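Peer 1: Keeping the supplied structure of chain X fixed, place chains S and D upon it in accordance with the hints.
Chains as they are written, first to last, in the UniProt record's numbering: chain X, 1 to 486; chain S, 1 to 473; chain D, 1 to 127.
Derived by calculation from the structure, the hints in this document are not laboratory data. Note that the structure is a prediction, hence the values are computed from the model and not measured.
Keeping only pairs whose Cα atoms sit at most 25 Å apart, straight-line, the calculated BS3-like set for lysine-lysine is:
#, chain 1, residue 1, chain 2, residue 2
1, X, Lys87, S, Lys81
2, S, Lys316, D, Lys64
3, D, Lys90, D, Lys79
Each pair of labels, with its calculated beta carbon distance range:
#, chain 1, residue 1, chain 2, residue 2, range
4, D, Glu74, X, Glu454, 54 to 60 Å
5, S, Met314, X, Asp96, 37 to 43 Å
6, X, Arg390, S, Leu77, 50 to 56 Å
7, S, Lys250, X, Glu422, 52 to 58 Å
8, S, Ser226, X, Glu422, 55 to 61 Å
Glycine included, each C-beta is placed from N, C-alpha and C at the ideal position.
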Amino acid sequence: MTTSNTKMIFEQSKSGRRAYSLPENDVETFDLTAQLPKHLSRKNAAELPEVSELQLMRHYTALANKNFGIETGFYPLGSCTMKYNPKVNEDIARMDGFMNIHPLQDPATVQGALKLMYDLQEDLKQVTGMDDISLQPAAGAQGEWAGLLIFKAYHEKNGEGSQRKTILVPDSAHGTNPASAAVAGYNVREIKSNENGTVGVEALKSALGPDTAGLMLTNPNTLGLFEVDIVEIAEIVHEAGGLLYYDGANANAILGKSTPGEMGFDVVHLNLHKSFSTPHGGGGPGSGPIGVKKYLSPFLPVPRIEKQEEEYVLNTDYADTIGRVKGYFGNFGVNVRAYAYIRSMGAEGLQQVSEDAVLNANYLKARLSKYYDTPYKQHCKHEFVLSGLRQKRKGVRTLDIAKRLLDYGFYAPTVYFPLIVEECIMIEPTETEAKETLDEFADAMIKIAEEVEEQPELLHEAPLTKSVRRLDEVVAARKPKVIYQK
Amino acid sequence: MIESSHLPGSLYYFILKSRGVVMTEQHRYLPATEADRTEMLKTIGVESINDLFSDIPVTTRATHEKKIDLAEPLSELELIKHMHSLSELNKTASSSPYFLGAGTYDHFVPSVVNHVTLKSEFMTAYTPYQPEASQGELQALFEFQTMICELTGMDVSNSSLYDGFTSLGEACNLATAVTKKQTILLSDALHPQAKEVVDTYAFGMEYKIETIGLKQEITDLDQLKSVLNEQTAAVVVQYPNFFGSVEDLKEIKEILTASNALLIVVANPLALAKLEAPGNIGADIVVGDMQPLGLPMSYGGPHCGYFTVKSKYMRKVPSRIVGETVDIEGKRGFVMTLQTREQHIRREKATSNMSSNQALNALASSVFMSALGKVGVQEMAQQNIDKTHYLASKLKEAGFELFNHSAFFNEFVVKLSKPVSQVNNLLFKKGFIGGYDVSALINVEYAMLLCATEKRTKDEMDQFVKALVEVVK
Amino acid sequence: MAEKEKLYFTNEHEWIEVISEDYVRIGISDYAVEQLGDVVFVELPALNDTMKKEEGFATVESVKSSSDIYGPVEGTITKINDSLEDEPEKLNDSPFSAGWIVEVQVSGMLDTKEWMDAKAYDEFVSE
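Extracted from the complex, chain X is given alone in its bound form:
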């Protein structure tokens, strides 16, 4: 990694340079200013950088060199499923027929795109065990929100909308769960996990009531543990008149092994940028399709992609729909990649994905359990949590361990989440990592545990090998500086 300071692109700018060329204008120029009220014509040009094409490429290459991606090294970020993003899928997404089509052109002229989406829906029905799919949500959190609006529309249709205003969420849930419930207009009630790290049936029973709109669950949960009472949980939630939401962030653990549909869930979202290998892009774009059981289909977002005879069509004719959650048809380009991935894997391949992901996680856990506290002893699914409590007693925090891992050439695991585990370290290796890589990572973690004993100050100093040393987040939050000023 580069350690020198990369100048801001604005600091490299010089008036007169450019990195583009447009064709000569072949029509007469039109003076819009003359037609506009004076105050609507731009007075001062936006100060965008002026650089040559090579300067531009060097700038972004220098920035790329200060960034860590999956191809840089192992990325054990828990609940994020940082698996390999196949190269061929990038080529496919850039095919002319996928990239250069307009969302409002006549559906008859984009039958290939519609067929692809239709077939992807069919595949996701299989993977989730649900009856109908909408590809519209742009990411997992949007899928959650859309799913909860479906809960809301359903309860309203049954005349229980004003009564059922509470969404139950386990204390181990992703932050998006309670946040999505709030923006769907729900109150949130948190359920304490039991000593096994899962939702206890008794705690759930006492939280259920006539105000319950539904329960959101991640299964396996964020501790990497399968909710073993899921069948009973589904029964009692349904008996109480509530619905069950499946947060598919951790679906990589169960592909081809089980389905949320079989488990009794009513609505599910999948993160195609996690389990289905589309790149995270430094934070997005993702794709968060939702699936529902038949009786909730009328509420799905529109438009729906359907097949009539031999033609694929966009259908908006659903009176009970929650409406449109995003422009057009979701993140189509991301869906193209996910479809290509499914076609590359097949059913057996996906099952192998989950088996290897779970195998890798349990293997790493077994290798590390002597050196770090493991709050939950049972076998995990695709991820597991450690606690840095033992190290904290020596004055080394989990954050220090995370930063030290960067020096060893790895990205850090998810830390301090889930909130219910003190000094939490959450590790998800994924199936695309070789045993050799897992061993190197385990060796580094063990070495760090030794450093905690012998040279704790080294960990406080970490990272020592990155482009910057530890950054001051307090200054950044106290005196926010969010744009460049000369």
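Peer 2: Frame of chain X; chains S and D shown alone:
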């Protein structure tokens, strides 16, 4: 000769495989060998992989009888062939001139954009949770925020949202939260899908939506005055509006000053190269979509929403913001900041539920803005103006009537004598992708919204006018 | 400047200084500040806002946490320490003096018996 009953997927094949007669082919994405697996199981202390799945209740397990049913896997070569055959079924902008805009535009994107976004350090990274290993992404997003604030004239930008429509939904949520008022007024000159998305947001947060009608093709300000009241949280207008015309933001802001309602502007960032920045004439929140600046149309997504506010509302902004700071040695660096706004910390009290955004597309757009630069975006915007007005004048010469009375940017509405879908079908046969049917939106029998970007040549436009004349004859 | 010994404390870690019969000044304790770490932002109420007992009236944020400050009394907010907007670090540096948050005119009778004194509070947090 292979019997079909022996093919993969058949029961016979399954039995052969379980007996080890057929070799399991190692998948190119999966590195674990059978020997690795055996060794790892031993370290874990279990006999077989199934022992790690024994906690899944038997009744919910996928079994051979109810296993998931997907098509057989394809090799890379077969996959490319298959995907190519699907892509070939679509009519694209590289083979026909598009005169369709309506929120998504066929613009030129220089090669550098694709080359930067393909760099795996950007493309395959997660959200920059560990800033010391993510300085490249963070600096690029900080530069993005700066460029967006330059264009919009606003103080604070986040590092992207899903798309322009969802950005607007978030803006309406913010407005109702800070004003504690419950009604949003939407101009009828907004993109129809923007209205639909905001309706969905309002269904969630339980506030009211009212609309302001049109005076010809622009927002009716007399009607705005009459519906504006002390319950109004915000007024939303589009700039230029859906029909291409430029709304007078300053006049609208003057109407709002008596109330405490916020002015939310949905702006095309390309148009801002020529139009006064909304931040300089009264906007409180400016949102929109970066698609015109460097993103392929890609059938409507992934695009990239932008979201900007005046500094007063900085701590109410949804989603990720990058801030500048220093490391322990005093060196400049970047982090995600003001994170207590966000769902992973404040959970149900967060300003939004957003986690994933559109970071890679924000990067693409930054590269685009850096490539064109200060002069280039103006030149491109001017070419859009020139081409669109050339097309408009040619249509007028050919006897067509324009619906726009106010100044317009790169779109305008033309009246037709036949149903738009019929006209578009005929245009398609002549090799053109025609405009968007706005008849119902403006209450005109047949009206089409047309767009001409910098990609359209004089020759294409002349041919298009000729074709349109023939089609409506 | 208030001395810790003259203050009252709640088990939600607010401190209360009785200024006069019906005026109090409110802040958060040294222990609370230590738990929070570096305070980066304080969201203050508006002047003349009503304070309700056991309802949040302000929010104190560190880099990775956000905590509500609960009203220990019923009343009307008469003064706000708006210097905290630019200098939230005052809460860390001097929680009992420069880091005060609001003053309140108490409605009804002031009952200090429900609160702990400094000694009792220190015992409470060391438990």
